[in-house]
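Assemble the whole structure, with the sequences as input and the hints as a guide.
Protein chains in written order, with the numbering used here: chain Z, 1 to 304; chain H, 1 to 284.
What the hints contain is simulated information worked out from the structure, not anything from laboratory work.
Even glycine gets a Cβ: it sits at the ideal position worked out from N, Cα and C.
Any given hint could be a false lead.
Said to hold, decoys possible - Straight-line Cα separation of at most 16 angstroms, EDC-like style, residue types lysine to aspartate or glutamate; simulated pairs:
# : chain 1 : residue 1 : chain 2 : residue 2
1 : Z       : K111      : Z       : D195
2 : Z       : K111      : Z       : E192
3 : Z       : K115      : Z       : E192
4 : Z       : K20       : H       : D185
5 : Z       : K20       : H       : E181
6 : Z       : K84       : Z       : E168
7 : Z       : K20       : H       : D176
Stated by the list, open to error - According to the in silico footprint, chain H covers these stretches of chain Z (three or more CB under 8 angstroms from chain H):
# : segment
8 : 40-52
9 : 127-135
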Amino acid sequence: MLRRIAGRAGAPAADGPAVKPIGRPYLLVAPAVAWLLVFSIAPLAFMVAISFWKSSIFGTKPDFQFGNYMRLFTDPLYGNMVLKTLRIAVTATVIALLISFPIAYFLSTRKGLWKGVFVLMLFLPFWTSYVVRTFVWIPILGRNGVINQTLHWLGLIDAPLDWLLYNEGVVYVGLIYVYTLYMTLPIYLSLEKIDPRLIEAALDLGARPFAVFFRILLPLCWPGVLAGSIMVFLLATSAYVTPQLLGGPSGIMLGNVIANQFLANNNWAMGATLSIVLITIAVVPLLIVGRWIGMRQVFLGGRE
Amino acid sequence: MTARAAAADGRPTAAVASPYLGYRVALWVYAAVFYLILYGPLVMIAVLSFNDSEISGFPFRGFSLRWYGTVFTSPQLIASLGNSFAVGALAALAATSMALLLALGFRHAFRAKSLVLNLILIPIVIPGITGGIVLLLSFGYLGVRPSLWTTVLIGHINWVLPFAFLTLYPRLHGFDRTLEEAAMDLGARPWTIFTHIVFPLIRPGVVATLLFSFSLSFDEFIRTIFLTGFDRTIPVQFWTMLVNVVAPEITAMAVIIILIPAFTALVGFAYLRQARRGERSAAP
Chain Z
1 MLRRIAGRAG APAADGPAVK PIGRPYLLVA PAVAWLLVFS IAPLAFMVAI
51 SFWKSSIFGT KPDFQFGNYM RLFTDPLYGN MVLKTLRIAV TATVIALLIS
101 FPIAYFLSTR KGLWKGVFVL MLFLPFWTSY VVRTFVWIPI LGRNGVINQT
151 LHWLGLIDAP LDWLLYNEGV VYVGLIYVYT LYMTLPIYLS LEKIDPRLIE
201 AALDLGARPF AVFFRILLPL CWPGVLAGSI MVFLLATSAY VTPQLLGGPS
251 GIMLGNVIAN QFLANNNWAM GATLSIVLIT IAVVPLLIVG RWIGMRQVFL
301 GGRE
Chain H
1 MTARAAAADG RPTAAVASPY LGYRVALWVY AAVFYLILYG PLVMIAVLSF
51 NDSEISGFPF RGFSLRWYGT VFTSPQLIAS LGNSFAVGAL AALAATSMAL
101 LLALGFRHAF RAKSLVLNLI LIPIVIPGIT GGIVLLLSFG YLGVRPSLWT
151 TVLIGHINWV LPFAFLTLYP RLHGFDRTLE EAAMDLGARP WTIFTHIVFP
201 LIRPGVVATL LFSFSLSFDE FIRTIFLTGF DRTIPVQFWT MLVNVVAPEI
251 TAMAVIIILI PAFTALVGFA YLRQARRGER SAAP
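Following this line, the structure appears as structure tokens:
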């Protein structure tokens with residue numbers, strides 16, 4: 001059966017080569033598929049089950065009840081936290097988009113060596129720890145931080161400003177600093193595909209830059225904008241490090257509440273329930289947009 | 001500058017572009033500010049790591065390597081650095097091997113292909129914090145004690161696998177199959193074709209994937225924090241110090257944590273460039 005499917009599906013595609021690639025497809029994908037089924041899908045399914053269980057001081061016991069989900073609506077703490085997290089994530093996404101567009105356009109219009117340098121400098125922070133890149137704001141904004149010391153040195157303040165750290169505003173600073181690149185890159189890649197002659201032609205014909213932006217650039221790089229927005233929204237909704245490190249009590253988000261169920265309250269059932277809420281709000285937009293512009297577009301950059 | 005670039009191009013853009021000089025200048029200024037904010041804080045941390053002061057931060061009291069000395073003489077920090085290297089190497093090896101097989105499989109057309117692709121992408125799409133928690137719940141229930149070689153390694157392989165596939169797949173997808181077909185026509189067996197033709201052609205891509213995977217694993221924090229036992233990886237160690245007592249060597253640690261994966265990734269980019277050049281020259 002396996003062989004029959006593979007054999008038939010392996011028949012030459014219209015533009016493809018006549019000779020079949022080596023190996024049997026199902027055998028080749030088997031190790032990774034088995035790995036993910038055991039260590040990714042099964043644990044996820046198990047978490048869904050636990051969200052119906054009951055946690056008490058005696059531990060978490062198998063059950064089938066909707067108490068955890070009911071608490072989302074009866075306990076205002078949880079409902080408000082979900083709304084606050086959504087608000088922060090949406091705002092951060094919009095700001096990241098506004099910051100990213102000009103820089104993506106800048107990159108797409110560079111040429112030669114400088115382009116390589118600028119693009120590499122944009123790629124490189126992806127490969128540095130976001131914990132460290134969040135931490136850097138403490139010596140900048142802290143009581144003895146660069147800003148306070150500079151203001152003091154300039155004679156503008158007598159005592160250090162305390163409100164620079166540990167509030168919701170700093171969470172935006174941290175989230176945007178770390179995650180804007182996930183927006184810039186897809187927009188840049190989609191701007192790259194636009195034929196520069198289109199813009200030249202529009203300018204030749206007397207179009208103003210604003211018209212060029214709204215009628216040529218934006219419609220053509222829409223998939224990149226959507227892909228970037230989805231990524232930043234997903235990362236921002238599930239933030240833990242940034243609010244924990246910079247946010248203080250007023251800046252905490254859903255991720256911190258979830259972590260506390262495991263690290264402090266020992267309420268695994270509620271933690272599982274809140275995790276499912278988080279997955280839902282983070283993944284549903286991705287599924288909608290993925291259907292719209294094609295999931296492959298988001299991840300493979302339209303290579304297939 | 002702009003006019004010169006356009007003139008060198010031989011295209012008549014200069015005349016059109018000049019009315020928008022203001023926009024171009026603004027764009028350059030914007031880019032300068034963007035990169036300054038992107039790299040400024042990192043440079044500042046690097047400067048602070050050499051500060052000869054018991055209190056982490058400015059003012060700068062003189063150049064000193066003592067905090068690096070502290071990091072490299074602390075058994076705990078050395079151990080966590082070693083843990084990160086070991087987990088990173090193993091995770092990279094496991095994920096790249098599975099991703100290579102996957103990418104070879106994806107050269108075929110088969111029925112469950114898009115289903116398998118969606119499955120592969122799940123670990124990227126699931127919020128990081130839940131990526132750790134699902135494993136914590138399952139292993140906790142099964143009574144598996146969290147440790148470096150069970151929970152942490154499994155969590156890291158989950159996380160790295162999709163990226164390894166997304167790096168390798170284009171290497172195998174876009175490659176010229178003429179040589180491979182010739183060998184097949186001449187009766188070479190699939191294994192021979194793989195070891196003698198396919199693998200040598202994609203080797204730079206495989207090396208790049210290994211390096212990127214290592215880099216990703218080295219930086220991983222949010223899953224690891226829920227899966228770690230007594231042996232911490234370096235980002236978890238950094239976090240623990242940050243949350244408990246901020247020691248003056250924290251900036252030196254930050255620099256080390258930034259440099260190792262960034263350097264690894266940079267070498268990865270070099271290999272990727274080589275791989276792409278190879279593909280281009282092999283293309284008919």
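Status of the hints after comparison with the structure:
no., hint, result
1, Z:K111 x Z:D195, "14 angstroms, holds"
2, Z:K111 x Z:E192, "11 angstroms, holds"
3, Z:K115 x Z:E192, "12 angstroms, holds"
4, Z:K20 x H:D185, "11 angstroms, holds"
5, Z:K20 x H:E181, "9 angstroms, holds"
6, Z:K84 x Z:E168, "10 angstroms, holds"
7, Z:K20 x H:D176, "14 angstroms, holds"
8, 40-52, "holds (count 8)"
9, 127-135, "holds (count 8)"
Of the numbered hints given earlier, the model fails none.
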